[in-house]
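Chemist: Build the complex: two chains, separate frames, hints provided.
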Amino acid sequence: NAGVMQNPRHLVRRRGQEARLRCSPMKGHSHVYWYRQLPEEGLKFMVYLQKENIIDESGMPKERFSAEFPKEGPSILRIQQVVRGDSAAYFCASSPPGTAYNEQFFGPGTRLTVL
Amino acid sequence: AQRVTQPEKLLSVFKGAPVELKCNYSYSGSPELFWYVQYSRQRLQLLLRHISRESIKGFTADLNKGETSFHLKKPFAQEEDSAMYYCALRPTGTASKLTFGTGTRLQVTL
Chain A
232 NAGVMQNPRH LVRRRGQEAR LRCSPMKGHS HVYWYRQLPE EGLKFMVYLQ
282 KENIIDESGM PKERFSAEFP KEGPSILRIQ QVVRGDSAAY FCASSPPGTA
332 YNEQFFGPGT RLTVL
Chain B
11 AQRVTQPEKL LSVFKGAPVE LKCNYSYSGS PELFWYVQYS RQRLQLLLRH
61 ISRESIKGFT ADLNKGETSF HLKKPFAQEE DSAMYYCALR PTGTASKLTF
111 GTGTRLQVTL
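First to last, the protein sequences are chains A and B.
All letters in the first sequence, in the order written, are residues 232 to 346 by my numbering.
All letters in the second sequence, in the order written, are residues 11 to 120 by my numbering.
Keep in mind the hints are simulated off the structure, nothing from the lab.
Backbone N, C-alpha and C define an ideal beta-carbon position, used for all residues, glycine too.
Some hints here could point you the wrong way.
Result set (DSBU-like, lysine-lysine): computed pairs, CA atoms no more than 30 Å apart in a straight line [to be verified]:
(1) A:258 to A:282
(2) B:83 to A:275
(3) B:32 to A:302
(4) A:293 to A:275
(5) B:67 to A:258
(6) B:32 to B:83
(7) B:32 to A:275
(8) B:25 to A:302
(9) B:19 to A:275
(10) A:302 to A:258
(11) B:32 to B:75
(12) A:302 to A:282
(13) B:19 to B:67
(14) B:83 to B:67
(15) A:293 to A:282
(16) B:83 to B:25
Under 10 Å between C-beta atoms, here's a sample of chain B residues computed to sit facing chain A [claimed, not checked]:
(17) 14
(18) 17
(19) 54
(20) 63
(21) 65
(22) 67
(23) 93
(24) 97
(25) 106
(26) 111
(27) 120
Bound conformation, chain B alone (with noise of 0.2 Å):
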C-alpha cells in the first residue's frame, strides 16, 4: 500500500522566512513524487516532480530514500507563496493514480 504523510494542517511563516513542507511516503516501490499546488479560487496544479530535479517559483524539493521524504523548501517566502500544498506519490513509469497527502496550508504573513 501507498501512504503519504504530511504532519502540518498549517505552517506560517514571515515574509522572507525560510519555508520547509514536510512530507514523508511509504512505498514498498519505485516511487515517483510530486508537490501540487492549489491557489486561492484556482485548481490544483503541479508544482514539481523528483524526476525534474529542478526549482519552480523558487522552490525545491529533493527525493531522499532514506528517510523515505520529500520536503518541499524555499529560500525567502513571498506573499504570493500562501496556498494549500500537497504531496503526492505514484509508481515510476506508470500512468496509475495519484496517492495524496491531507495537504499543508501555507501562510505567509507580513
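The shape of chain A in the complex, shown without the other chains (with noise of 0.2 Å):
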C-alpha cells in the first residue's frame, strides 16, 4: 500500500490561474480530508469528504475554494483565481470506513506557491 497520493508536490501558479490538487487515498479508504497550513502556523482543516459527498465544509474559504472526491478518481482541491494569501502547504489525509477511533493518514502534501 503506497501510502496517500498527492500531486502535484509543488506548484506555481501566477495571480488569478487556477490551482488543482490532487489527493488519491489510501487502497480501501473512504474518507478524504483536506487541510491547510500557512507559514509558521499549524494545520488548518478545510474540507472533509466522503465518495460523492462533502461531509463538512466548515473550514473551507467561503469563495474560489471547492472540493470533490468523486466515484471514480482521486479527490480535487480546486482553488479559482489565487490570490499570493494562498501560498501553503495543502494536506491531504484519507481513513477507513467506521466513525470510530480510525487513524487518519497524511499525505505528503503540496506546496503551493502563487506569483
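Modeler: What follows is the structure, given as C-alpha cells:
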C-alpha cells in the first residue's frame, strides 16, 4: 500500500490562475480530509469528504475554493483565481470506513506558491 | 469551539535529557487527543493517541482532564527524536476533523 498520494508536490501559479490539487487516498479508504498549513502555523482543517459527498466544509473559504471526491478517481481541491495569500502547504489525509477511532493517514502535501 | 495550544515553538534539549512537550486544549465535550510527528522530509504520522495508553518510541502522554492537558514526555531524549511535533484533538468516537496546535520543534543536541 503506497500510502496517501498527492500531486503535484509543488505547484507554482500566477495570481488569477487556477490551482488543482489531487489526492489519492489509501486503498480501501473512503474518507478524505484536506488541511492547509500557512507559514509558521499549524494545520487547519478545510473540508471532509466521503465518496461523492461533502460531509463537513466548515473550514473552506466561502469563495474560490471547492472540493470533490468522485466515485472514481482522486479527490480534487480546486482554487480559482489564486491570490498570494493562498500560498501554503495543502495536506490530504484519508481514513478507512467507519467512524470511531480511525486514524487519519497523511499525504506528503502539495506546496502551492502564488507569484 | 475546539482549540489546541502548544506554547513552545522550539524546545532544545541535550541528548539523554528528559523531554516534555506541552499541549493544552479547550473543548466542551469528550475529546480524543493525539500526538503527530513529522521528521525531516517525511510526512506527518501518528505517534500516539490517548485511548491507546501505550508508549511509542519511549514517548508517553497522559490526558489530564482537570488541567485540560496532554503533554508528551520522554525520559531520555535521542538525536533521532528531533522533529516537529503536533498535538491534535477531535470529538471522541467520530470521524470528524482534527484540530491541530501550531507545533513544537524538538531539537536534540549532543
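Chemist: Each hint: holds or not?
Modeler: Here is what the structure says about each hint:
1. A:258 to A:282: holds, 13 Å
2. B:83 to A:275: holds, 25 Å
3. B:32 to A:302: Roughly 41 Å between the alpha carbons, so the hint for residue 32 of chain B and residue 302 of chain A is violated.
4. A:293 to A:275: holds, 15 Å
5. B:67 to A:258: holds, 27 Å
6. B:32 to B:83: The hint holds at about 9 Å.
7. B:32 to A:275: holds, 19 Å
8. B:25 to A:302: violated, 50 Å
9. B:19 to A:275: Cα-Cα ~17 Å, so holds.
10. A:302 to A:258: holds, 14 Å
11. B:32 to B:75: Roughly 14 Å separates the two Cα atoms, so the pair holds.
12. A:302 to A:282: Judged against 30 Å, a Cα distance of about 6 Å means the pair holds.
13. B:19 to B:67: holds, 22 Å
14. B:83 to B:67: Cα-Cα ~11 Å, so holds.
15. A:293 to A:282: Distance ~22 Å between residue 293 of chain A and residue 282 of chain A Cα, so the pair holds.
16. B:83 to B:25: holds, 14 Å
17. 14: Result: holds, 8 Å to nearest chain A Cβ.
18. 17: With Cβ-Cβ at 13 Å, over 10 Å, it is violated.
19. 54: holds, 4 Å
20. 63: violated, 13 Å
21. 65: At 17 Å from the nearest chain A Cβ, residue 65 of chain B fails the 10 Å test, so the hint is violated.
22. 67: violated, 16 Å
23. 93: At about 14 Å, which exceeds the 10 Å cut-off, the nearest Cβ of chain A leaves the hint on residue 93 of chain B violated.
24. 97: holds, 9 Å
25. 106: holds, 6 Å
26. 111: holds, 5 Å
27. 120: This interface hint is violated because 28 Å lies over the 10 Å limit.
In the structure shown, a violation is registered for the earlier hints numbered 3, 8, 18, 20, 21, 22, 23 and 27, in ascending order.
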